[in-house]
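Peer 1: Chain by chain, the residues:
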Amino acid sequence: MAQGKKKIRARFPFFRIPAAAVFAAVLLCALPAHAEQERVAIDLSALSASANPPTWRVNQGSRVEIVVSTEEPAELHLHGYDLGIEAGAGEAGVVRFDASVAGRFPLTRHGHGGGHDSPLGYLEIYPN
Amino acid sequence: MHLARWPTRTAGGAAAAVAAFLPSGAAAHAFGQRYDLPIPLDLYLGGAGLAVALSFVAAAVALKRPSEDARLELDLTRRIPFLGPVAQAAFIVTRLIGLAVFLLVLIAGFIGVQDAFENIAPTTVWVIWWIGLAYASALIGDLWHALNPFRAVAAVLRRINPVPPLRYPDALGVLPALLLFAGFAWTEMVSERADSPAGLAWLALCYAIVTLAGMGLFGAATWLRNGEAFTVAFGLIARFGPFTARRRQESGERMQIVVRPFGAGLLSRAPVHPTLMLFVLLMLATVSFDGFRETPAWNWAINWAASSPFLRATLIDLRAAGVDLLALFSTAGLLGAFVVFVAVYALFARLMAWAGGDEVSTGLAARQFVLSLMPIAIAYHLAHYLSYFMLAGQLMIPLASDPFGFGWNLFGTASYRMDISVVSAKMVWYTAVTAIVIGHIAAVWLAHITALRVFSTPRRALASQYPMLVLMVGYTASSLWILAQPVVETGLAGG
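Taken in order, these protein sequences are the chains called A and B.
Counting in my numbering, the first sequence runs from 2 upward without gaps.
Counting in my numbering, the second sequence runs from 11 upward without gaps.
Hint data in this document are derived by calculation from the structure and do not stem from the laboratory.
There could be a bad hint or two in this list.
[What the hints assert, rightly or not] Here are a few chain A residues that sit away from chain B, every Cβ distance over 10 Å (derived from the structure):
#	residue
1	47
2	56
3	66
4	72
5	126
[What the hints assert, rightly or not] If you anchor each label on the Cβ, the simulated ranges turn out as follows:
#	chain 1	residue 1	chain 2	residue 2	range
6	A	95	B	318	41 to 47 Å
7	B	440	A	68	31 to 37 Å
8	A	72	B	331	33 to 39 Å
[What the hints assert, rightly or not] Far from chain B by the CB rule (all over 12 Å, computed), these chain A residues:
#	residue
9	37
10	39
11	53
12	61
13	68
14	70
15	83
16	89
17	90
18	91
19	125
Heads up, the beta-carbon is just placed ideally off N, CA and C, and yes, glycines get one too.
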């Protein structure tokens with residue numbers, strides 16, 4: 002009898018840890034019920050001057066809005082997600098999408114006579 | 011290999027906007043674009059720490075139970091009835107498949123649409139054959155041996171031409187294969203030709219002519235062993251794999267299928283030929299440089315070189331003469347990586363021989379231990395290309411339906427778009443670090459077993475392994491470091 006009780010008591014903490022973990026996991030999953038908004042503002046005229054392409058970081062699962070402002074018309078392309086952004090002079094280009102897949106995705110310029118287009122920058126979508 | 015801008019399935023409903031950006035005959039640069047996130051710092055340090063700690067476990071296991079080759083192997087043909095004849099028949103089928111795929115690549119390359127994504131040739135060669143077959147070789151066994159189209163031809167050649175006109179000078183070792191592999195590595199990393207279907211088909215045709223000539227002049231088996239770069243390369247990778255097929259002379263040329271622990275095939279009693287040692291080091295250098303050339307450090311290095319007052323005038327002249335400076339830097343980098351690998355390995359071979367009481371010469375030590383470095387390279391290769399392979403591999407689904415880009419739809423899959431969500435970033439991180447740690451342990455284990463065979467006493471064997479352990483930890487840590495770097499496309503600032 003006494004032995005049985007001891008066994009149960011000894012086992013109890015082991016039950017508690019996974020139970021708490023499951024509870025925490027449920028809580029964590031429930032929390033981001035409405036996706037957070039992330040805004041990435043890109044000023045093309047400022048970008049071209051810098052030698053090293055910048056990296057913009059957002060979290061996976063968020064709703065991302067990329068706003069491109071430029072002095073001359075430009076067509077951009079976000080690889081991986083395969084999204085096009087068209088921006089005109091004085092008229093910002095905007096694209097909105099759900100960052101459902103994590104990764105590091107280059108953003109390149111198009112329509113400049115083709116040829117070699119090295120990335121303007123990289124959008125990193127980090128897993129939670 | 012540098013494919014860019016591959017067509018992917020759109021996350022949102024921006025299909026119309028996207029259509030404008032799909033590759034449409036424009037020079038598709040960067041076929042091998044990767045979307046990998048750099049490994050986070052804690053995983054990188056944790057993996058490196060784990061590799062160091064587990065080194066001692068691997069060493070202890072190796073020292074406690076010095077295994078014999080025979081005891082590590084299990085002959086499946088003896089356990090499973092009819093396996094030998096079935097395998098022999100299967101090899102005929104696989105070689106015909108290999109020949110058919112090779113011909114498909116040639117035909118697609120020459121007559122198909124000249125677009126890296128709409129023609130089946132580039133994806134078949136770079137993704138399925140070069141990366142996929144390396145994976146299969148490491149995880150299963152020498153599938154190139156089974157698929158090699160030149161082996162299919164060799165069987166015919168042996169009938170027509172049983173006595174080759176020339177004797178192969180054995181002193182050359184695998185030198186022809188080494189040179190051909192160097193050319194291949196350069197093509198893969200530097201040449202723009204690698205992306206173009208027709209360029210690829212021309213290269214494959216030239217390689218086939220060289221191989222057929224070699225087989226005709228020196229005998230098929232001799233040339234495949236010493237001059238066929240991919241028999242040597244995939245053969246080395248497949249020595250890590252658990253399955254191997256061989257013909258036993260004593261059992262009347264009967265085929266034998268053997269299963270063994272991962273990595274056990276890299277144990278060898280005899281030192282490898284110096285040219286094979288250089289081949290291994292070239293493979294290691296190639297694999298590492300392939301990752302390094304996408305790091306910010308490399309980008310910084312070439313920009314530093316381009317702007318240094320010492321080189322600037324020469325570089326301007328070269329560019330005026332029509333030299334592609336980026337290709338020039340990549341060539342220098344590839345060559346430099348090989349020189350660094352050879353120099354560092356030679357230094358550590360010297361240290362190893364010295365620590366083992368100078369029982370063996372530095373050259374002999376170098377040739378004995380070089381194969382034990384293979385698991386680290388294989389693991390890094392696996393980690394580096396994991397997500398790329400899972401994403402770019404999907405290109406085969408639409409290409410199977412429309413291999414030449416003529417607008418066919420043979421299997422109804424021509425409109426399939428790549429799904430970038432098939433691999434999660436976290437899964438890639440954990441698989442990558444796990445693979446690298448396991449590769450490191452295998453390497454340490456192999457080196458210790460080899461040391462016990464090379465040196466006269468366990469004490470000397472153990473002493474010889476201290477420098478080797480330092481080398482392996484350094485190599486593993488630098489592989490992890492590359493994976494922890496953000497992928498950047500290199501370019502020269504200021505035009």
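Peer 1: Determine for every hint whether it applies to the structure shown.
Peer 2: For each hint, the structure was consulted:
no.: 1; hint: 47; verdict: holds, 16 Å
no.: 2; hint: 56; verdict: violated, 7 Å
no.: 3; hint: 66; verdict: holds, 12 Å
no.: 4; hint: 72; verdict: holds, 20 Å
no.: 5; hint: 126; verdict: violated, 8 Å
no.: 6; hint: A/95 x B/318: 41 to 47 Å; verdict: holds, 42 Å
no.: 7; hint: B/440 x A/68: 31 to 37 Å; verdict: holds, 35 Å
no.: 8; hint: A/72 x B/331: 33 to 39 Å; verdict: holds, 36 Å
no.: 9; hint: 37; verdict: holds, 17 Å
no.: 10; hint: 39; verdict: holds, 15 Å
no.: 11; hint: 53; verdict: violated, 7 Å
no.: 12; hint: 61; verdict: violated, 8 Å
no.: 13; hint: 68; verdict: holds, 16 Å
no.: 14; hint: 70; verdict: holds, 19 Å
no.: 15; hint: 83; verdict: violated, 5 Å
no.: 16; hint: 89; verdict: holds, 15 Å
no.: 17; hint: 90; verdict: holds, 19 Å
no.: 18; hint: 91; verdict: holds, 21 Å
no.: 19; hint: 125; verdict: violated, 6 Å
Violation of the numbered hints given earlier is confined to hints 2, 5, 11, 12, 15, 19; the remaining hints are satisfied by the structure.
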